[in-house]
Every structure is written in C-alpha cells, then in structure tokens.
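K.L.:
My request is simple: use the sequences and hints to build the entire structure.
Chain order of the listed sequences is Z and P. For the first sequence, my numbering assigns the number 1 to the initial residue and increments by one for each residue that follows. For the second sequence, my numbering assigns the number 1 to the initial residue and increments by one for each residue that follows.
Rather than coming from a laboratory, the hints here were simulated on the basis of the structure. Beta carbons: idealized from backbone N, C-alpha and C, even for Gly. Hints may be right or wrong, so weigh each one.
[Claimed, not checked] If you want a taste of the chain Z side facing chain P, the calculated C-beta under 10 Å gives, among others:
1) Pro34
2) Glu43
3) Val187
4) Ile191
5) Leu248
6) Ala250
7) Pro258
[Unchecked claim] For the chain Z half of the interface with chain P, some residues (derived, Cβ under 10 Å), not all of them:
8) Val41
9) Ser44
10) Gly45
11) Ser150
12) Gly152
13) Val181
14) Met186
15) Asp208
16) Val211
17) Met215
18) Asp232
19) Ala247
20) Gly254
21) Val259
22) Pro262
23) Gly263
[Said to hold, decoys possible] Simulated restraints on C-beta separations:
24) Z:Ser31 to P:Gly267: 22 to 32 Å
25) Z:Ser139 to P:Asn175: 53 to 63 Å
26) P:His25 to Z:Ile59: 44 to 54 Å
27) P:Arg207 to Z:Thr257: 14 to 24 Å
28) Z:Gly19 to P:Arg121: 42 to 52 Å
29) P:Asp280 to Z:Ser44: 28 to 38 Å
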Amino acid sequence: MSALLELVGLRKRFPVGGGRELHAVDGVDLSLAPGDSIGVVGESGSGKSTLARLIVRLIDPNEGLVRFEGRDISAIAAGRFARDPARRAIQLVFQHADDALNPAFSIRRNIAMGLGHTAVSAEASRDVSRIADEVGLSSSLLDRRPHQLSGGQQARAAIARALISNPRLLVLDEPTASLDVSVQAMVLKLIDRVRREHDIGLVFVSHDLDVVRLMCRRIMVLYLGRVAEVGDTAQVLSDPCHPYTRALLAATPGHGTPVVLPGEPASPVDPEPNVCLFHNRCPLAVDRCRIERPLLRTVSGRQVACHRAEETIAPPPAINAPAGY
Amino acid sequence: MNATESPASLVTVERLTIRFGSPFHPPTLDEIDFSIGRGEIVALVGESGSGKSLLAHAIAGILTPAALVTAQRLEFGGVDLTDPRAAIDLRGREIGMVFQNPRSALNPVRAVGQQIGDVLREHRDLRGRKCREAVLAALAAVRIADPQSRAAAYPGALSGGMCQRVMIAMALAGNPALLIADEPTTGLDATTQAAILELIVGQARARRMATLLITHDLALARVYAERIVVMHAGQIVEVAPTEALFRDARHPYSSALIGATPASAVGVDDLKGIAGNLPDLATAPPCRFAERCSRTIPRCREERPTLEALATGHDAACWVPL
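P.N.:
If you want it as structure tokens, here you go:
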C-alpha cells in the first residue's frame, strides 16, 4: 500500500538575527500508511511542534519534501495551501482548544469552519450535528460560545472541526496537555476510535511517553530537531537504544529510577553539523561523538542515531565502564 | 482511631472550612481533616479546582483576606496558625514554599543571588561576607554549577529548571521543617522534572524535612510520596499509604483517577474517563462526588460521608466504599 504521508529530509530554519539561524527541524524522514499512527516526542525545543506545522503546511520548509498521497505538497507556498484540495484532507488539532476556537462564533459555526467557509448552510449544519454526535458533544451545546464550554467539551469541539471535512491525516499537537486526566482519558479514547473507524493516519505530538504508548503504533524521539530514535512503540519503550530515549523514559514517573542528565541542551542556533548534539549530556559520549554526526541506522529492529547504540542493548553497561573504542 | 492523628504530627488540620463571599456561601474547602508528620513526604492530588492549592495556602498562612476561615484546629508544630502573627513568624523560616512557574515568582529585575540573600538576611540574620558565602552554598546545594556566576544572573537569563532550583534554594534557606511544593514541575520538561523532584525529595530526606507535594499527576505522586491525600471538589475523599492506594483504592473517585492515568493503562481501551465535571458547589449534594459516581445510594445525597479508617492509616470518606 502506498504511503499516506512521506517526509524526506525535511528541514526548517528560523532566522534569529545576525545571519544566524535556529535549526528547528534538521533533516527528518518519515513514512506513514493510512490508518497508521506515529507519536512524536521530545522536550521543548526539540522541534516537534514545528514538524507538525510543516506537515500541515502552515509553514514552508527550507529543504526537503512533504508528500501527501504521493503528491509533493511542499512546493505549494503555505499561503496558497489553504485553497489546495489537500488542505481539507490534512487537519491539525492544537493544544489549547480555547485559543483555537473563534470566541465570537457559536460552537456550530466553529465546527462548520472546518469545511472551509464561515457561513453555515443547511447541509453544513446537518454535518455539524452528525459529527458533534460522533465526538460526544450534546446538541444543546452547539449554540453556545466556546467560553461557555468546559475544557473537555472545547477539546471535543476542536476535534469535531478537524473531522468534519473527512480528513485522511490528523496531526495533533499536544491535544490533551492542558486537560485533567479524567477528561484526557475520554479525549484519547475518542481520538483512537475515530482513527480506527475512519482509517485516519495519525501524527500525535506529545511530551508524555505514556500517552504515546497508548495511542501510537510507532514512536519518533526528537532531540534538537534531529531524530534520535524511531521504531515500534512497544519495542522502543521496552528497550530503548538511544541514551536520550533512555533518559526520557527514566524521567517519566513509573518507568524506573530517573537518570539526572547533566547540563542543559546544546544551542539549536547554528549547531555544530558534525557532532552528536546530545554528546554534552550523554553518559556514553566518547571522542567520536564530538567529531562525527551519528546517522540513523537500524539496530535491533528500530532506527537509532547513536554511535554506541549496540552497547546500550541489554544488559545495560556499567556506569564507569571503559569506553569501548 | 482517626489516622489524621499521630504523635509526631507537624501539621494538624481539623475541620478546616473556607468560604468565599459570605458565611452562607457553600464552602470551597469543606471540613478538611488532615495531618503531616515530621519528615513525611505527602502528596496532595486531585483535578484542577479541587482545592489543593487553597489547602496549602491555608497551612502556609498566605490565604487571600477574602477567605473566610473556620477551623477546630489549624496547627503547625503546636503553634496556632489562625493567629496571623504566629503565621508570619513561621512563613519562610519554618515553612518554605515552591510554586509552579518559577519565573513569575522571582523578581525579574534583581539578580538571583540577591534574592536568595534577602531570605538569608531575613531568616538567618546573615550579613556581608557570611551572607554571600551562604548564597553560594545555597546555590551549590541545589546543584547549580558555577554558583559564583549564576548568583549574578537575572531570572530571565536562566532556564525554567534553573529558576526552579533558585526557588528551591530560597525555600530551603530558612531551613524549614515543612516544604510546600505546589506543582513544582508543571511546565518543565520530563528530564528537568525528574531532576527537580529528585532534588526536592533528596533534600527532604537529608534534612528530615516534611514535604507536601501538590500535583495532578498520580504517577508522579506514586514515585515520590509516602502517603497520598486525594481531594475532590473541596473535600478529602481518601488518605492512604501510597502503595495501598494503588493496590486497594477504597473511594470510587480515587479508583477512577487511577483508572484515568495513562501510566497505569496497558492499552487505550483500559483508560477510564470520569463522567461529568467538578460539581457546582452551590447545588452539590453532601457527597460532592455523588453526581459522577456509579455507586451512589440515596444516603450520599442526604448526608456527608466522613473520613473513616478502613485499614491502618487508610481512610476513605464514602458510604459505599469499594
């Protein structure tokens, strides 16, 4: 089956003055089949939100391709993409549903806006009722304004707006980060159900490894705009190969003893091209990590960008083990 | 015996009720019974709006004057906290606090070393070189590398995790017997969160300092707390040793909260949402969870369940406990 979404060598740099550039997304490849799901995880500054915006073509990449159903959509300028037929097939759901909904419009009109126009025709109104029913939004709420809804109801409205145009790809940027767990649970179940029922491809951006574990078949770990590790979620999380994935997992409550990483992330502004960007915090760093950028390669069933990935495979190395090089 | 009562109790709260507006308004905190032992690490969990921070503010004596407080007992180490003068003496010295969003808690136009120095002058009466040395020692104690140069930095130049370390240094400067950490890592990255909590809990153990960790994250509470207090809509619904709560939650709300936590689910189908929202306090039945609960009996709408000991140190407020 052909891929729904393909990213090839995608790069996005933002100028920060003085001719310097912040490398937000630094060469990301991805292939996603219809109905498949991938979680994009990383900490703030890892480029996960930028990646989401590149995929839905809100911003233009500096380099690389975004292919949707075999068609290159990266050449279409972000400003013109709004009128492209692919626009409706690719939908984004933002973190803060209250900011993403238009406060001056009723919920009905907000959801109908997913069809691309602000006027609500009789037909659009029927679609809104159907989709609101599907996401569990009671019809009595449709005539209210966003501020009259609870956080969970707002999240449902934002998802309904994304679903009304029958998208084939849904990109969710931390859709539940500001919700209580009781509400989050219901929204996650909703997203999972619509993905399965409509065979929608899912790109799920999150900082929460446990949420990604529940929602996504595959996981991509980003560090400073580069892919550290990508593979089957269960495999990566049960036996992470990249030292950063291990640190991230250990830092998640309930997944072992936290490893406290020394120092702070390297600067994403004009980063050294020929180093591993994680070397300054990595417990396994050797000289090679400071002179050669590790490329993604297959190690025990997943792809990982680490010179020493083989050594991280169980049994874990002792902390003071001599460097193996 | 009521589990809120223990011989080594540092904080004792009995029938604490807080209202806003007038004495006739429904209580925002409803007859809270609660205690923290010396050196104990207690987590206070619940959804947003459950009253966690309000309870912490009452203990720290930083309630807004608009709050109407009644309590049978509100004591810290034998001192009556309802006396505002007593509370001022304790605050900062005996009770340290760390808040969410450290950047807004720090003064943006003063170097962080000066701000820590303020606390040391006020509470430890240090001056001059001694004070400067103590500032550097305080920064080193929270594992800030190169304290000399960091002391001169302004909050805006430091990362969120670094600012939180500074806040912890300030909270610990008075050598408190109780540290209140109110969502100390919300908004921080996972690896930073782990580092900050390891630091707080490490310091708590080293100093035998009681710690009240307020969080909405049960998975996090499970890792760091010895005992967990669950709140819902201004009522304490369950108090239990950490593992006992996860093994054998007795209140339907605690059980539902655990079921909604992603860390405890194997697949997305295991996740359980909780129906409804926090109730409107004006119309809520005596058990404020009754409208969201699957086990409700008529008595839940007539009479408020009190915290009853169901096992040693394990209390729940429910007429039909699990």
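K.L.:
Less than 10 Å between beta-carbons is the criterion; does Leu248 (chain Z) satisfy it with respect to chain P?
P.N.:
It holds, given that the least Cβ distance between Leu248 (chain Z) and chain P is near 6 Å, below 10 Å.
K.L.:
So, Asp232 (chain Z) near chain P? Judge it on the closest CB pair being under 10 Å.
P.N.:
violated (15 Å)
K.L.:
For the hint on Asp208 (chain Z), just tell me whether its beta-carbon gets within less than 10 Å of chain P.
P.N.:
holds (7 Å)
K.L.:
Can the hint on Val187 (chain Z) be confirmed by a CB-to-CB distance to chain P that is less than 10 Å?
P.N.:
holds (8 Å)
K.L.:
Is the interface hint satisfied for Met186 (chain Z)? The criterion is a beta-carbon contact with chain P at less than 10 Å.
P.N.:
holds (3 Å)
K.L.:
Would the hint on Met215 (chain Z) stand, with a C-beta cut-off of 10 Å toward chain P?
P.N.:
holds (6 Å)
K.L.:
If you take the shortest Cβ to Cβ gap from Ala250 (chain Z) to chain P, is it below 10 Å?
P.N.:
holds (7 Å)
K.L.:
Can Gly263 (chain Z) be said to touch chain P, with a Cβ gap under 10 Å?
P.N.:
holds (8 Å)
K.L.:
Can you tell me whether the CB distance of Gly19 (chain Z) to Arg121 (chain P) sits inside 42 to 52 Å?
P.N.:
Check passed, 46 Å falls within 42 to 52 Å.
K.L.:
Have a go at the Ala247 (chain Z) hint: is there a Cβ in chain P nearer than 10 Å to its own Cβ?
P.N.:
At 6 Å from the nearest chain P Cβ, Ala247 (chain Z) passes the 10 Å test, so the hint holds.
K.L.:
Taking 10 Å as the limit, does the beta-carbon of Gly152 (chain Z) come near enough to a beta-carbon in chain P?
P.N.:
Status holds, d = 8 Å.
K.L.:
Restraint: Val41 (chain Z) near chain P, CB-CB cut 10 Å. Satisfied or not?
P.N.:
Given a least distance of 9 Å, the restraint on Val41 (chain Z) holds.
Hint compliance for this structure: hints 1, 18 are broken, all remaining hints hold.
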